[in-house]
Amino acid sequence: MKVKSPLEIYKLLPQTNCGECGFDTCMSFAAHILDRSAKIEDCKPLVEQAKKSKKVAEKLKKLKEMTAPEIDEVIIGKDLKIGGEEVLHRHELTFFNPTALFFDVSDIMDEKTIDERCSRVVEYKKFYVGRYLTLDGIAVRSVSNNPDKFAEVVKKVSGYGKPIVLISLNPDCIKKALDFVTNPLIYAANEENWKEMLKIAKKNKVPVVVRSKDLDMLKSLAATFKKYEVPVVLDPVTEPAGRGLQKTFERVIQIRRTAILGQDKDINCPIMVTPISAWAMKADEIAKIYWETVIASLFIVKYADIMILHSLEPHTIMPIVTLRANIYTDPRTPVQVEPGLRAINNPDRNSPVLITTNFALTYYTVESDLQSSGASGWLLVLDTGGLGVEVSVAGGQFTPEKVKQLMEETKVAEKVDHRYLVIPGLAARLQGALEDEIGWKVLVGPTDSGRLKAWLEENWPPKKEIKN
Amino acid sequence: MSKLTFEDILKLLSKYNIEELEGVEIEGDIEIEIEGLPNLQAIGMELGMAAYHLARAAMMLGFPFQQLLQPQKPIEVKQKEEELELIKKKFEPYKVEWSGYVEEVQLGATKKDGGTRDYVIKLGGEKSLPFYIFDSEQPNLPAISIDVFDRPVPLPKVVRMHYEDVMENPEDWAKKVVKEFNADAVTIHLISTDPLLDDTPVNEAVKVVEDVLQAVKCPIIVGGSGNKEKDPILLEKVAEVAEGERVLLASATLDMDWERIGRAAKEHNHVVLAWTQMDINSQRTLNRYLLKKVGLPRDSLVMDPTTAALGYGLDYAFSNMERARIAALKGDEDLAFPVSSGTTNAWGAREAWMKESPLEGDSSWGMREHRGPLWEIVTGLTLALAAVDIFMMMHPVSVAVLKELIQTLGGKKEEVECEDWIAVV
Ligand code: SF4
Numbered sequence: 033m034k035v036k037s038p039l040e041i042y043k044l045l046p047q048t049n050c051g052e053c054g055f056d057t058c059m060s061f062a063a064h065i066l067d068r069s070a071k072i073e074d075c076k077p078l079v080e081q082a083k084k085s086k087k088v089a090e091k092l093k094k095l096k097e098m099t100a101p102e103i104d105e106v107i108i109g110k111d112l113k114i115g116g117e118e119v120l121h122r123h124e125l126t127f128f129n130p131t132a133l134f135f136d137v138s139d140i141m142d143e144k145t146i147d148e149r150c151s152r153v154v155e156y157k158k159f160y161v162g163r164y165l166t167l168d169g170i171a172v173r174s175v176s177n178n179p180d181k182f183a184e185v186v187k188k189v190s191g192y193g194k195p196i197v198l199i200s201l202n203p204d205c206i207k208k209a210l211d212f213v214t215n216p217l218i219y220a221a222n223e224e225n226w227k228e229m230l231k232i233a234k235k236n237k238v239p240v241v242v243r244s245k246d247l248d249m250l251k252s253l254a255a256t257f258k259k260y261e262v263p264v265v266l267d268p269v270t271e272p273a274g275r276g277l278q279k280t281f282e283r284v285i286q287i288r289r290t291a292i293l294g295q296d297k298d299i300n301c302p303i304m305v306t307p308i309s310a311w312a313m314k315a316d317e318i319a320k321i322y323w324e325t326v327i328a329s330l331f332i333v334k335y336a337d338i339m340i341l342h343s344l345e346p347h348t349i350m351p352i353v354t355l356r357a358n359i360y361t362d363p364r365t366p367v368q369v370e371p372g373l374r375a376i377n378n379p380d381r382n383s384p385v386l387i388t389t390n391f392a393l394t395y396y397t398v399e400s401d402l403q404s405s406g407a408s409g410w411l412l413v414l415d416t417g418g419l420g421v422e423v424s425v426a427g428g429q430f431t432p433e434k435v436k437q438l439m440e441e442t443k444v445a446e447k448v449d450h451r452y453l454v455i456p457g458l459a460a461r462l463q464g465a466l467e468d469e470i471g472w473k474v475l476v477g478p479t480d481s482g483r484l485k486a487w488l489e490e491n492w493p494p495k496k497e498i499k500n
Numbered sequence: 218m219s220k221l222t223f224e225d226i227l228k229l230l231s232k233y234n235i236e237e238l239e240g241v242e243i244e245g246d247i248e249i250e251i252e253g254l255p256n257l258q259a260i261g262m263e264l265g266m267a268a269y270h271l272a273r274a275a276m277m278l279g280f281p282f283q284q285l286l287q288p289q290k291p292i293e294v295k296q297k298e299e300e301l302e303l304i305k306k307k308f309e310p311y312k313v314e315w316s317g318y319v320e321e322v323q324l325g326a327t328k329k330d331g332g333t334r335d336y337v338i339k340l341g342g343e344k345s346l347p348f349y350i351f352d353s354e355q356p357n358l359p360a361i362s363i364d365v366f367d368r369p370v371p372l373p374k375v376v377r378m379h380y381e382d383v384m385e386n387p388e389d390w391a392k393k394v395v396k397e398f399n400a401d402a403v404t405i406h407l408i409s410t411d412p413l414l415d416d417t418p419v420n421e422a423v424k425v426v427e428d429v430l431q432a433v434k435c436p437i438i439v440g441g442s443g444n445k446e447k448d449p450i451l452l453e454k455v456a457e458v459a460e461g462e463r464v465l466l467a468s469a470t471l472d473m474d475w476e477r478i479g480r481a482a483k484e485h486n487h488v489v490l491a492w493t494q495m496d497i498n499s500q501r502t503l504n505r506y507l508l509k510k511v512g513l514p515r516d517s518l519v520m521d522p523t524t525a526a527l528g529y530g531l532d533y534a535f536s537n538m539e540r541a542r543i544a545a546l547k548g549d550e551d552l553a554f555p556v557s558s559g560t561t562n563a564w565g566a567r568e569a570w571m572k573e574s575p576l577e578g579d580s581s582w583g584m585r586e587h588r589g590p591l592w593e594i595v596t597g598l599t600l601a602l603a604a605v606d607i608f609m610m611m612h613p614v615s616v617a618v619l620k621e622l623i624q625t626l627g628g629k630k631e632e633v634e635c636e637d638w639i640a641v642v
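First to last, the protein sequences are chains A and B. Here the first sequence stands for residues 33 to 500, where the numbers follow the numbering used here. Here the second sequence stands for residues 218 to 642, where the numbers follow the numbering used here.
Please keep in mind that the hints were generated in silico from the structure rather than gathered at the bench. These figures come from a predicted structure and were not determined experimentally. Just so it is clear, CB atoms sit at the ideal spot from N, CA and C, and this is done for glycine as well.
Pairwise CB distance ranges, derived in the manner of DEER restraints:
(1) A/LEU39 x B/LYS305: 38 to 44 Å
(2) B/MET584 x A/GLN437: 43 to 49 Å
(3) B/PRO514 x A/PRO494: 53 to 59 Å
When the alpha-carbon atoms are kept at most 30 Å apart in a straight line, the in silico DSSO-like pairs for lysine-lysine are as follows:
(4) A/LYS76 x A/LYS36
(5) B/LYS306 x A/LYS245
(6) B/LYS572 x A/LYS144
(7) B/LYS572 x A/LYS157
(8) A/LYS83 x A/LYS258
Working from the sequences, and respecting the hints, build out all of it.
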């Protein structure tokens, strides 16, 4: 956004500190606008007054302009947002709307294949740091170039309820398909068909991808569509290999850099990249699968806001969705959970006591492993300032003294009849010192909590020690 | 004469499918008197004009106006559509120039400069972000070294299968990674020196280094066991026996005797790998100590700001490296060194090696034969885009794919003919 200081925003706010926006003061609200954790519309008094007074309406309009993101935000389907980015490097603020991942079906695939592919898109989920990673939408490709056939498949696919991209350079195909789907993204307008596509977009009020390798042409198309208030996505054409891929990389970076640093308001649009291009290479299937994943990863890191992919193999999807989660994690918020004691699967007085750190990734991994193993237990969560086990043991945030303190605070001793603590394998070296400090027997668990189930089956309850 | 309603016109239009050709939107069921002129203001200019022309044409030709509406000649109507014009624009790429640059560091030495290697590897020298060859030429593309250990190590099945035959013999292992897997360099990890493993004495351990230097003629990297007390002693000895070979000594950290490693490198013409735990300030500090307190030449330092695996802190590793590189390009001399990545760490992620998800809610994780290498590739390529100049990796497929990408983005590849994907079956 244009503004750099909350003061610039504050000047245009009502300055009554009424608190309706959820913040104590207008100044605090302004600060949250600046880091994009609040929206101008949240200031209800301003919105209300704007309806009555022309002067306030002006202010509101100005505020909206001033605080609009550097890259346009485009909505596909009901509420899938793409674009809306502010910076070139995530550490400068954060990236906002994760790259939307669309998977293709074509109008010459048989029905069974289409259903299977759509179901995979709808059903895919991978647990990661306390939530599930999922896929965004389906791209329907017209290969037949037959409007009726295309429309029929689009109708079928729209039944799956996911956002849709319509892919055909033939305006007749797009026009026909539009009867069966709400607010899809249209792919694509190019140098040849743009007039027809523009008419369709104006009439149906749908976002459009403009496509050209020639960035002068791409910019001209974008400017033209923007003039008619059509939301625009840019496709600088993904060439999958060789010099072409290097040139694609260059085009994508030049576009985003010129939009943000060069303040070029014609091309400040979300960017589309099509890793599916890898499937047009002359290569075997395994090579295509690897290369598609490579292209996808490359442009998740560098500026793609939306992608069309083909492979629905879980081993290619998983690295891609995980990378997207990483790159789009907000670096401003520490990824920590509350320290304390958690009861997993209704533990009782004989259940094991385990310990992990409050690094969100570590915590959720252990917690979900325990949950799904079916075993019950008491899980102590140590405040290591958001560091994982290995690093915090090495760095002195995971110490016997802190463990003792946590055990006292949570009164875990009152909850169980035994005196055994299971520590992560990566904290093995603390075993002796810990036993001295807390006076419990310390058992070293597996290094990966994915093996907790097997470990507990073998080691819990602990075998009675032989006393002489 | 009868009345013609807009509904009728609409029907006719849609029958001839010319609604699109006109760019005119017709809505509502306004009635038009054919004999009189319609009230233009009331129905809007555009709509009105179309209706007017239709009506006029109808008056001239008499009803019906079938002929007039033939798709190939809706001339009268077409003239009045809003002419869509392409707004011609020129794209002017925003120019970025940096004042700083990354130091160029040479690994290995040929006979000419006092070593016995067949070739050397140059790292660094960048004047722009990685692969931004449109900003400035990238003098050296990232290199890939493959890990070799001085004793058998537990490895994920998918990796182990490639090394089963050489695990007992570091020389053969080194030969294999160079000959069969195309490694640019070899990293020999002397992990057997770990007091908790074999506690191999230093003098014995360094023999492996001599053997490997005989077995392969590429530049080599030598790693310790990570033991804070023993590594400085070990690496000092390595520096002695590999005199003049410009070995990368891995690694010096802040909590060990970095001075000892630094001095040994300086004395025997080697390079030091300065390793910190994902903290840009510690990295600055360690680099400065090695340069200022030890007097290590600037062309003899590589840094390892720590590699975390995809899904396990890769976001931190990425941003940490990217920040360091941008700082270097902006002129921060304390950070202007080539970056090394222990990409093999990717295999620590359970997603890389486990057969299936331990969680019931997950979709299938797919084939680990591919998932594992992809995990290593994606970890590596992400960091390549941040700063990495040399990768230490393990899976041969990962090495091959990452190499291909490096060559591609580095502009070393030819044009490849390819169809447009849109209509690919
Ligand atoms: S709602 Fe508006 S006027 Fe009230 S405190 Fe928030 S910003 Fe200020």
